[in-house]
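**Student:** Here the structure of chain R is known, so what remains is to put chain S in place on it, guided by the hints.
Listed below are the residues making up each chain.
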Amino acid sequence: MEKKEGRLKGHKDVTIMDLPGIYSLSPYTLEEVVARNYLITERPDAILNIVDGTNLERNLYLSTQIMELGIPVVVAVNMSDLLEKSGDKVYLDKLSAKLGCPVVAISALKGTGIEKAAEKAVELARSKTVNAPVHEFAATVEAAISSVEDKLGQDIDEEQKRFFAIKLLEKDDKIIENMKSVPDVSAEIKALEDEFDDDTESIITNERYTYISSIIGECCKKSRKKKLSVSDKIDRVVTNRFAALPIFAVIMFIVYYVSVTTVGTFATDWANDGLFGDGWHLFGIGTSGYNEAVDEYAVRNVFTEELSVVVDDAGKADIVGAEDLQGAIEDGDFGAFEEAYGSYADAFAEAGYDLDAVLPLDGEGEFADAPDPADYGVWVPGIPVLVERLLDAVNCADWLYSLIIDGIVGGVGAVLGFVPQMLVLFIFLAFLESCGYMARVAFVMDRIFRKFGLSGKSFIPMLIGSGCGVPGIMASRTIENDRDRKMTIMTTTFIPCGAKLPIIALIATSLFGGNGFVAVSAYFIGVAAIVISGIMLKKTKMFAGDPAPFVMELPAYHWPTVGNVLRSMWERGWSFIKKAGTIILLSSIVIWAGSHFGNVGGSFGFGLDMELSDSVLGYIGNGIKWIFAPLGFGDATAAIATIMGLVAKEEVVGVFGVLDFVSMTQLAAYSFLIFNLLCAPCFAAIGAIKREMNSAKWTWFAIGYQCIFAYAISLIVYQLGSLFTGNGNAIGTIAAVLVLAFLLYMLFRPYKESNTLKVKVKTKKANA
Amino acid sequence: MMPLSMAKEGEVNTIIKVGGKEDTRRFLENLGFVPGGDVMVISGTGGNLIVNIKDSRVAIGRDMANKIMV
Chain R
1 MEKKEGRLKG HKDVTIMDLP GIYSLSPYTL EEVVARNYLI TERPDAILNI
51 VDGTNLERNL YLSTQIMELG IPVVVAVNMS DLLEKSGDKV YLDKLSAKLG
101 CPVVAISALK GTGIEKAAEK AVELARSKTV NAPVHEFAAT VEAAISSVED
151 KLGQDIDEEQ KRFFAIKLLE KDDKIIENMK SVPDVSAEIK ALEDEFDDDT
201 ESIITNERYT YISSIIGECC KKSRKKKLSV SDKIDRVVTN RFAALPIFAV
251 IMFIVYYVSV TTVGTFATDW ANDGLFGDGW HLFGIGTSGY NEAVDEYAVR
301 NVFTEELSVV VDDAGKADIV GAEDLQGAIE DGDFGAFEEA YGSYADAFAE
351 AGYDLDAVLP LDGEGEFADA PDPADYGVWV PGIPVLVERL LDAVNCADWL
401 YSLIIDGIVG GVGAVLGFVP QMLVLFIFLA FLESCGYMAR VAFVMDRIFR
451 KFGLSGKSFI PMLIGSGCGV PGIMASRTIE NDRDRKMTIM TTTFIPCGAK
501 LPIIALIATS LFGGNGFVAV SAYFIGVAAI VISGIMLKKT KMFAGDPAPF
551 VMELPAYHWP TVGNVLRSMW ERGWSFIKKA GTIILLSSIV IWAGSHFGNV
601 GGSFGFGLDM ELSDSVLGYI GNGIKWIFAP LGFGDATAAI ATIMGLVAKE
651 EVVGVFGVLD FVSMTQLAAY SFLIFNLLCA PCFAAIGAIK REMNSAKWTW
701 FAIGYQCIFA YAISLIVYQL GSLFTGNGNA IGTIAAVLVL AFLLYMLFRP
751 YKESNTLKVK VKTKKANA
Chain S
769 MMPLSMAKEG EVNTIIKVGG KEDTRRFLEN LGFVPGGDVM VISGTGGNLI
819 VNIKDSRVAI GRDMANKIMV
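These protein sequences, in sequence, are chains R and S. At position 27 of the first sequence the residue is numbered 27 (my numbering), and the sequence of numbers has no breaks. Start counting at 1 in the second sequence, then tack on 768, and there's your number in my numbering.
Same shape as in the complex, but just chain R (with noise of 0.2 Å):
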């Protein structure tokens, strides 16, 4: 849970702290504790109170509580150009008096009044006068606090004796931890819960409630009788037992279209290809013209008789690649023709198909004399050429270079190339968060969570997740429960994020020949891991109980102001980017140093074209290869791709080129690919997790359940697969069967749950 800090405009001295949204000061959520304990132990100068203005009687309960912390309040009235749309009135001069503060009126959304607010307060805070709470309760309840309140210690201040009396009439037992002595208060108590037949509690909770009305007729006016706001019609249709799902399917595949195929796509090309690539056309200007002169140029000087031969020879032989290569040439297609010929072109020469002697390249193998995109329209370079240029003017050392080029300009620019994509679906979720639909899709998926022991809260960390885990897993901080947030946690990052697509993408074309069912599958795969996850976990010890209540208050709907989106979608992704440029700058170096010393001759050293199998990650990819054995992708290569995977997951492409899937089979490839999906993430979503779970071994906790959990699925699905598939063998399937039952178990075991909650209730009433 986390407080935010800044400092006031035109107010250097002035320190402002930003407390969680809060109900009460009662200790039932994480949030309510965490501001309690600050504003009682930390004792700002002054508290800017702001309350809703269109439901004040409800904000007004926690006003009371904050009166009685001895503290200068100011309470600012918030929505006030919602007021004054729908005609109602509040009138700060009476609630003032009423509550025995200043009022001031402001607007959030429209930014009005937030200066004057936030000077009051400081004003307030130099004057050092604390405004004694005016409300009062009915008197045997003022009898009984101010009893207490005698009996309060030393310790304890004059101005906040109240606060104090209150809570321990309340036997909230938190409190207790801010306090010195605790004196004896349950004749009080008892006294009081006679008189009232009730608990002390819900008596002092009743008396605010009981003061605020009191008071709400002569402080604000409402317009209009009762009567369904526009907010509540649109939810009779957004949460409508029957429409409530399609709608929400409709929404969700609107965001995702956009954001990953048209819009995304191409944010994704311009990053990778532009902006870390060779460079691009500002706005687009020169890039038909260059198009034109390249594709010109190839059917002139690439695509030559003595090239289809050689193409259609392979094509013939079945080498892998043919018929892309075949295709670019019928179409006159030179980018798709460079691409697979930098894909293909080392697996054509192994097979005796020399494609180099019949294409027109230069000494440094390049396309000689090809056109140049620079010298079409505005060429603007890309930041590893300008980094080349700059580090050819200094006459940069050959290691030097190849570790800032290839290690650090590589590394995080590839990372740093699904920050568009990332952002434009995060446009569309902090839309969706701040207009208020997101609160009812919690409202709407609990009922779907429920069933297998999360809380519908859950969902929208997952739903963040398909983006990057990071932000996902930091807006689990939501849901109170503690829990369902451990298990949300956990889980968040089985739905494939925004970097495992390029995994799915390389094993869908390299070997299912683009299929689009590999890709359904993974997220299928996502989501049935969370269930299994969420049902197994439930039934044990540590998860046991049912998840939390589903309480949320909704916000009214409205229009969110453009700033607004732009700073939720700019907070998630810079988290994102802050880990780029720090976690994965630093295993970028560390994999570069992996893949560039190790063994030179027979010693060891540093070697600038080094053999993957020669380096010292070569070597700890050998070392542990036995590992994933039985998974089916027990070579080097796919054990170092996985353990890149924990730098971020799309590395695992860039160990694993499109050959090296060759020599796999399917099967082999997709227990790779599903051990890849479910296993750890990566560093920056780890460093999320510790810091979420606020706990080392929980930490170790979650990052263990996902590892062994992936294994134990890549395990069923490749032995039992390669059973039918009439490979199998007889310690792999009876390893896979054991497995396979044992995860049965602990599906359908009963709930343990019961026997302990009844446990507790007892031990409870026990005590009391």
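No lab work stands behind these hints, which were simulated from the structure alone. Only a predicted model underlies this, so the values are computations on that prediction, with no experimental measurement involved. Just to be clear, a hint being listed does not mean it is correct.
To be verified - List of simulated lysine to any residue pairs, SDA-like, C-alpha gap at most 20 Å:
hint, chain 1, residue 1, chain 2, residue 2
1, R, Lys697, R, Phe709
2, S, Lys776, R, Arg236
3, S, Lys789, R, Leu30
4, R, Lys316, R, Val358
5, R, Lys128, R, Gly100
6, S, Lys785, R, Asp199
7, R, Lys221, S, Asp806
8, R, Lys161, R, Glu177
9, S, Lys785, R, Glu207
10, S, Lys785, R, Asp198
11, R, Lys174, R, Arg43
As the list claims (entries may be wrong) - So the derived label-pair ranges between C-beta atoms look like this:
hint, chain 1, residue 1, chain 2, residue 2, range
12, S, Asn834, R, Ser127, 46 to 52 Å
13, S, Glu790, R, Trp626, 53 to 59 Å
14, R, Lys12, S, Glu790, 43 to 49 Å
15, R, Thr140, S, Met837, 25 to 31 Å
16, S, Gly804, R, Val230, 25 to 31 Å
For every residue, glycine included, the Cβ atom is placed at its ideal position computed from N, Cα and C.
**Tutor:** Below, chain S without anything else, positioned relative to chain R:
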């Protein structure tokens, strides 16, 4: 008297009693579900409800709604 989960959509009801475990009840009370207060069911899916309480919209699960008697 009936649980809130049985109330008709669009009808204004008065809360008579809030039951359940202590924690649950207090949580509901903090949200404004107090005896004597008005509550209106706006919509419901499978027992989960969206209700209007003290002029704000709150979504509550079925198990909670069953504990609020109107």
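**Student:** Okay, which hints does this one fail, numbers in order?
**Tutor:** none
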